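There are 2 protein chains.
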Amino acid sequence: MPDFIPPDSVGLVTPTTHHFQKPLQLSGGETLSDYALVYETYGELNTSGSNALLICHALSSNHHAAGYHGLADKKPGWWENIVGPGKTIDTNHFFVVCCNNLGGCFGSTGPSTAHPSTGKPYGPDFPIVTVHDWVTSQAQLANVLGVDTWAAVIGGSLGGMQVLQWSMDYPDRLRHAIVIAASSKLTAQNIAFNEVARQAIRSDPDFHDGRYYEHDTEPQRGLRIARMLGHITYLSDDIMGEKFGRDLRDGKIGFDYNADFQVESYLRYQADSFVGNFDANTYLLMTKALDYFDPAGPTHGDLAKAFAPIKSRFLVMSFTSDWRFSPERSREIVKALHDNDLNVSYAEIKASHGHDAFLMKIPQYLDVFGAYMHRIEQEIN
Amino acid sequence: MPDFIPPDSVGLVTPTTHHFQKPLQLSGGETLSDYALVYETYGELNTSGSNALLICHALSSNHHAAGYHGLADKKPGWWENIVGPGKTIDTNHFFVVCCNNLGGCFGSTGPSTAHPSTGKPYGPDFPIVTVHDWVTSQAQLANVLGVDTWAAVIGGSLGGMQVLQWSMDYPDRLRHAIVIAASSKLTAQNIAFNEVARQAIRSDPDFHDGRYYEHDTEPQRGLRIARMLGHITYLSDDIMGEKFGRDLRDGKIGFDYNADFQVESYLRYQADSFVGNFDANTYLLMTKALDYFDPAGPTHGDLAKAFAPIKSRFLVMSFTSDWRFSPERSREIVKALHDNDLNVSYAEIKASHGHDAFLMKIPQYLDVFGAYMHRIEQEIN
Numbered sequence: 001m002p003d004f005i006p007p008d009s010v011g012l013v014t015p016t017t018h019h020f021q022k023p024l025q026l027s028g029g030e031t032l033s034d035y036a037l038v039y040e041t042y043g044e045l046n047t048s049g050s051n052a053l054l055i056c057h058a059l060s061s062n063h064h065a066a067g068y069h070g071l072a073d074k075k076p077g078w079w080e081n082i083v084g085p086g087k088t089i090d091t092n093h094f095f096v097v098c099c100n101n102l103g104g105c106f107g108s109t110g111p112s113t114a115h116p117s118t119g120k121p122y123g124p125d126f127p128i129v130t131v132h133d134w135v136t137s138q139a140q141l142a143n144v145l146g147v148d149t150w151a152a153v154i155g156g157s158l159g160g161m162q163v164l165q166w167s168m169d170y171p172d173r174l175r176h177a178i179v180i181a182a183s184s185k186l187t188a189q190n191i192a193f194n195e196v197a198r199q200a201i202r203s204d205p206d207f208h209d210g211r212y213y214e215h216d217t218e219p220q221r222g223l224r225i226a227r228m229l230g231h232i233t234y235l236s237d238d239i240m241g242e243k244f245g246r247d248l249r250d251g252k253i254g255f256d257y258n259a260d261f262q263v264e265s266y267l268r269y270q271a272d273s274f275v276g277n278f279d280a281n282t283y284l285l286m287t288k289a290l291d292y293f294d295p296a297g298p299t300h301g302d303l304a305k306a307f308a309p310i311k312s313r314f315l316v317m318s319f320t321s322d323w324r325f326s327p328e329r330s331r332e333i334v335k336a337l338h339d340n341d342l343n344v345s346y347a348e349i350k351a352s353h354g355h356d357a358f359l360m361k362i363p364q365y366l367d368v369f370g371a372y373m374h375r376i377e378q379e380i381n
Numbered sequence: 001m002p003d004f005i006p007p008d009s010v011g012l013v014t015p016t017t018h019h020f021q022k023p024l025q026l027s028g029g030e031t032l033s034d035y036a037l038v039y040e041t042y043g044e045l046n047t048s049g050s051n052a053l054l055i056c057h058a059l060s061s062n063h064h065a066a067g068y069h070g071l072a073d074k075k076p077g078w079w080e081n082i083v084g085p086g087k088t089i090d091t092n093h094f095f096v097v098c099c100n101n102l103g104g105c106f107g108s109t110g111p112s113t114a115h116p117s118t119g120k121p122y123g124p125d126f127p128i129v130t131v132h133d134w135v136t137s138q139a140q141l142a143n144v145l146g147v148d149t150w151a152a153v154i155g156g157s158l159g160g161m162q163v164l165q166w167s168m169d170y171p172d173r174l175r176h177a178i179v180i181a182a183s184s185k186l187t188a189q190n191i192a193f194n195e196v197a198r199q200a201i202r203s204d205p206d207f208h209d210g211r212y213y214e215h216d217t218e219p220q221r222g223l224r225i226a227r228m229l230g231h232i233t234y235l236s237d238d239i240m241g242e243k244f245g246r247d248l249r250d251g252k253i254g255f256d257y258n259a260d261f262q263v264e265s266y267l268r269y270q271a272d273s274f275v276g277n278f279d280a281n282t283y284l285l286m287t288k289a290l291d292y293f294d295p296a297g298p299t300h301g302d303l304a305k306a307f308a309p310i311k312s313r314f315l316v317m318s319f320t321s322d323w324r325f326s327p328e329r330s331r332e333i334v335k336a337l338h339d340n341d342l343n344v345s346y347a348e349i350k351a352s353h354g355h356d357a358f359l360m361k362i363p364q365y366l367d368v369f370g371a372y373m374h375r376i377e378q379e380i381n
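Just so you know, the protein sequences line up as chains A and B, in that order.
Read in order, the letters of the first sequence correspond to residues 1 to 381 in my numbering.
Read in order, the letters of the second sequence correspond to residues 1 to 381 in my numbering.
Just so you know, same-sequence chains aren't split out, so a pair can sit in one copy or run between any two.
Computed list of lysine-lysine pairs in DSSO-like fashion (alpha-carbon distance at most 27 Å, straight line):
1. K305 - K252
2. K22 - K120
3. K243 - K75
4. K361 - K74
5. K335 - K305
6. K305 - K243
7. K311 - K335
8. K335 - K243
9. K350 - K361
10. K75 - K361
11. K74 - K243
For the record, the hints were derived by calculation from the structure and aren't laboratory data.
The structure displayed is predicted, hence computed values, not measured ones.
Next up, chain A with everything else stripped away, as it sits in the complex:
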């Protein structure tokens, strides 16, 4: 392995793309005649097929959860802190799978993919997909990989919603469900933030009703605003205070519209590095999947009733300073699981990092998560 890769990394990894020929019926009524999913795997599937884990990604993330794609990579996968040999999700013991969700912009079929009948990018003709649709497609991927039952399905944020959906849709195909910093539905405030992000993208003159690919442009202004706004909700007020406070960029205020404060520079930097690396139509789709997720919708708000089919055991974790999906949201999930006499471990982790804490190396978080993973490991035969 090249020198710069630490020994506890899965190292160099190569994504795989699988083309599905079987049509996929979507929640919105449309059908995808064929589609592709790009995914990565780390570790080896054992002969009994009992050590497979599925990691579900969050809004702006992808299939590249761990390791490096090449020697020029500046950064490893998005969950490198958690996934690797000897780490919390230990690739010495588990076969770990992570795929880019349908509608994504990292290789799975999505708005930027060529429409099979026109050869042009789908753009706004790509249907809005739901968490349920993602889980259906992930189950197809499990079939391809020869995984009948996941040892665990694991995810944070929007990923955690997929875990909940897995446990409802395929109760016999996962033994454990690990739901981190998630919610069983968005609040009005959550939806409101998503709507502002969408309006920023859709009102950008470069959006061209979603057909910007054909105009050789993209709604960069809108995507920048969406990303800046997202970042505010991923961090807590406290951690922003700790990281930036009212620190000035040049020691004094400028009485102009350059960035006066460090926090302004930070947001501008985050926005700049997002555009060019993420597709605006995918951003729109992902926020809609979030808004629409509401497993208790069909049971008129009765989450316990919605959870009736579930059989798996659960680890639910939340973070005290997460105001996007606060611990209260996790407690609602835990309560509804308990109402079904399910086996649930719940940990409310004290952390100042806000929603993004699920990506961080926080000792208490790693302890709880690691202990649970160790328990799963011991069940594997």
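For chain A, the structure is supplied; the task is to place chain B on it using the hints.
Relative to the frame of chain A, chain B by itself:
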């Protein structure tokens, strides 16, 4: 008085504009050679001049605090709930003044005003003004009105910051300071939200570097985003949940980008009614005044030291669900005032309405506020 005007309203009111010829030196180093302030007054100044109150307005507000401008008015002034004959701020006893701040867009000199030397709107050449500059200009207005000492200076949010500044800059010119839902400085998160709003406006192609007046357009897209975002921070998560929850607009989700949820319609409506009624350059200025406000800056963060010149008595009020300027921010102000042995009443009002609570008829709020106003009333001779 016309029939549609309730008896506890100040009724039909007419704004007055005063043109100041004396140059105003601004905090940023520039000087305004002349400027105008538009203001309204309600009630009568008594012969001793002891019953004058100054109301300072918040970010997007103006001099029209109470009453109606004409028979066609759909809505009264922004603080009609509080200001009027027999109301909390009782115009039967007080002479109430409210002016549109410098840099505003409702008649006071601001970016949309013609520059005296070019005849074209100032646009981006209008200097960034600070809370201190506003207070200086308001003191000039007090001179014009023959008010030597205010019985009280009163304001919510950014208005409360002006009250603090008044008490520091002119300790002998106010007897009482009423600071509602305010903060002695913005947090990194507050600044971050302002920065996203500014970026939305400034990146709108119709912004034209702030010279949009000359292009006969305005950055409506950006201003809409700024307003939607503002609204989220003015309301609490709880009140948004109570008002909208996950209620759908048409009973079902549409799998498209029309407004699915009531909260989306609400935000779009708020944004639509804001554009055309507010100037984008003024919005930028107001957010900068907020960001820059930091009376403890010169005393290296020691707010008690910054408050040393203050002589007035204080009523400070905050609202439990206000996450824009949380009760913690008010408690910091109260502590620093107490450290100076000042007379301070503090009330943390239980209310689910968020930051906007200061505009509402909340019984506990009106009780505390009214009792304090009654006390001031009794001092008047």
